[in-house]
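**Q** Going line by line, the protein sequences match chains A and B. Under this note's numbering, think of the first position of the first sequence as 74, with each following residue one higher. Under this note's numbering, think of the first position of the second sequence as 76, with each following residue one higher.
FYI, nobody ran anything at the bench for these hints, they're computed from the structure. Just so you know, even glycine gets a beta-carbon here, dropped at the ideal spot from N, CA and C. Fair warning: there could be bad hints in the mix.
Reference excerpt, derived from the structure (chain A facing chain B, CB under 8 Å, subset only) [stated by the list, open to error]: (1) 106; (2) 132; (3) 147.
Label pairs and their calculated CB-CB ranges [to be verified]: (4) B:238 - A:133: 38 to 46 Å; (5) B:320 - A:133: 45 to 53 Å; (6) A:137 - B:163: 44 to 52 Å; (7) A:137 - B:334: 49 to 57 Å; (8) B:247 - A:148: 46 to 54 Å; (9) B:291 - A:133: 51 to 59 Å; (10) A:133 - B:185: 20 to 28 Å; (11) B:315 - A:130: 14 to 22 Å; (12) A:130 - B:274: 49 to 57 Å.
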Amino acid sequence: MQQRYLTGLALLGGVLSVAGAGVTRDLPWVRQRVQQWQPTARERRWEDIGWAQGLREALRLASRHQRPVFLFTHDGHLNVGRC
Amino acid sequence: MRAGSLSDSRVISLLNRYFISVYLSNEDYRDGGAATPEEKAELRRIFGEGYAAHLSVGTVHVYVLKPDGRLIDSMHVAQAWKPETLIAMLDRSVQRLHTSPGEPVVKPSPLPAPCPLPNTLLVHLVARYLERRGDDFVLTGQTEGSGDWNNLPAEDWITLSRAEWSRLLPPPGTRVGQSWEIDRQLTSTLLTHFYPPTENWDLATNRLDEQSLTATVVSADPGSVRTRLTGHLKMKHPFYHKDDDRYVEASVVGYIDAEPARRRIRSFTMVTDQAEYRGNGADLPFGVAVRSLP
């Protein structure tokens, strides 16, 4: 799946060298780019989940509120997308 | 998971109404990791219960624990990233445990930015793949539940010490139109983060083969100076945690508004002008945006 996605992006990128030709890279342009490339609300949807601060804290809250624990273990840094 | 099931409205609702949710990074739970011995022991205990019950056990998994902490279900993320599959698992657990719905026990909140230390400059970086559209590039995958992790941006927080950010200030006496090369060590500190989302986040595997960052004063008044930055990099960056021939090639442009007399940087912004992640027969456009905070 990853490879198919990457291949598709590669085709899109074939004309990178002409993109934005003639546009002045002034401060407003840079600021606009910075703004446009920030994480979107859709990309931050997972932050709409209430996450406990650590496994033992989750277990403590589960016992207190009689709720099951949903535990997700992963490699890398989920909070910044480097994973 | 972030791009798939954890961004699905139904999954979010189920987790908030019925569960205590928690995520952890395996690096923290290995020998020498940041987790406490008690936290590590709990994770080992959960794994042990999984093995004993012949459940799926692994490092990239989701687990459901009863309110008393005992493991009752598990699933590899290869399945759990799909919303329908995870929803079925969560529903099954709720029915089995007769859990009543309620308000979220832990209130959802945006992840806070790190607190800058005194005399430091906190810099936020976003890196993401882009798609060409017309004469411009646009964000990829802006549809709910696309599931492609590649569509998500990666972020880094970079803290520059006073000694580091001071090197972004123009040398005394610099006039409008004059240029200088930014300190190579500082340039390396910044540009080594200029890579797109991959499955490798170990900066030690990045190798800057080419780097430059030139500053030019473009305007000045008695209190402030505006500097324009231009540069480029060519950096080896393996996609996975194993060596390959992939590399980043990018040009960058940015601006610094500073008050040299007060030794203060008002704002620092920088973006890639053109950037590609190359190798393995693919040239992938991506973008990096940097801004200082606050």
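**Q** Is it true that the C-beta distance of residue 130 of chain A to residue 274 of chain B lies inside 49 to 57 Å, as the hint says?
**A** 29 Å, violated
**Q** Looking only at beta-carbon atoms, does the pair residue 315 of chain B, residue 130 of chain A fall within the given range of 14 to 22 Å?
**A** Hint violated: Cβ distance 33 Å, outside 14 to 22 Å.
**Q** Taking 8 Å as the limit, does the beta-carbon of residue 132 of chain A come near enough to a beta-carbon in chain B?
**A** 5 Å, holds
**Q** Could you say whether the range 38 to 46 Å given as a hint is met by the Cβ separation of residue 238 of chain B and residue 133 of chain A?
**A** With Cβ atoms ~43 Å apart, the hint holds.
**Q** Measuring from beta carbon to beta carbon, are residue 137 of chain A and residue 163 of chain B in 44 to 52 Å?
**A** The hinted range 44 to 52 Å is violated for residue 137 of chain A and residue 163 of chain B, with Cβ atoms some 27 Å apart.
**Q** Holds or violated: the hint that residue 147 of chain A contacts chain B, with Cβ atoms closer than 8 Å.
**A** 6 Å, holds
**Q** Is it true that residue 133 of chain A and residue 185 of chain B lie within 20 to 28 Å of each other by Cβ?
**A** 24 Å, holds
**Q** Quick check on the hint: residue 106 of chain A CB to chain B CB, less than 8 Å?
**A** 4 Å, holds
**Q** Looking only at beta-carbon atoms, does the pair residue 320 of chain B, residue 133 of chain A fall within the given range of 45 to 53 Å?
**A** The hinted range 45 to 53 Å holds for residue 320 of chain B and residue 133 of chain A, with Cβ atoms some 48 Å apart.
**Q** Within 49 to 57 Å or not, the Cβ separation of residue 137 of chain A and residue 334 of chain B?
**A** 52 Å, holds
**Q** Return holds or violated for the Cβ distance of residue 247 of chain B and residue 148 of chain A against the range 46 to 54 Å.
**A** 47 Å, holds
**Q** For the range 51 to 59 Å, tell me whether the beta carbons of residue 291 of chain B and residue 133 of chain A fit it or not.
**A** 56 Å, holds
Checked against the numbered hints given earlier, the structure breaks hints 6, 11, 12 and satisfies all the rest.
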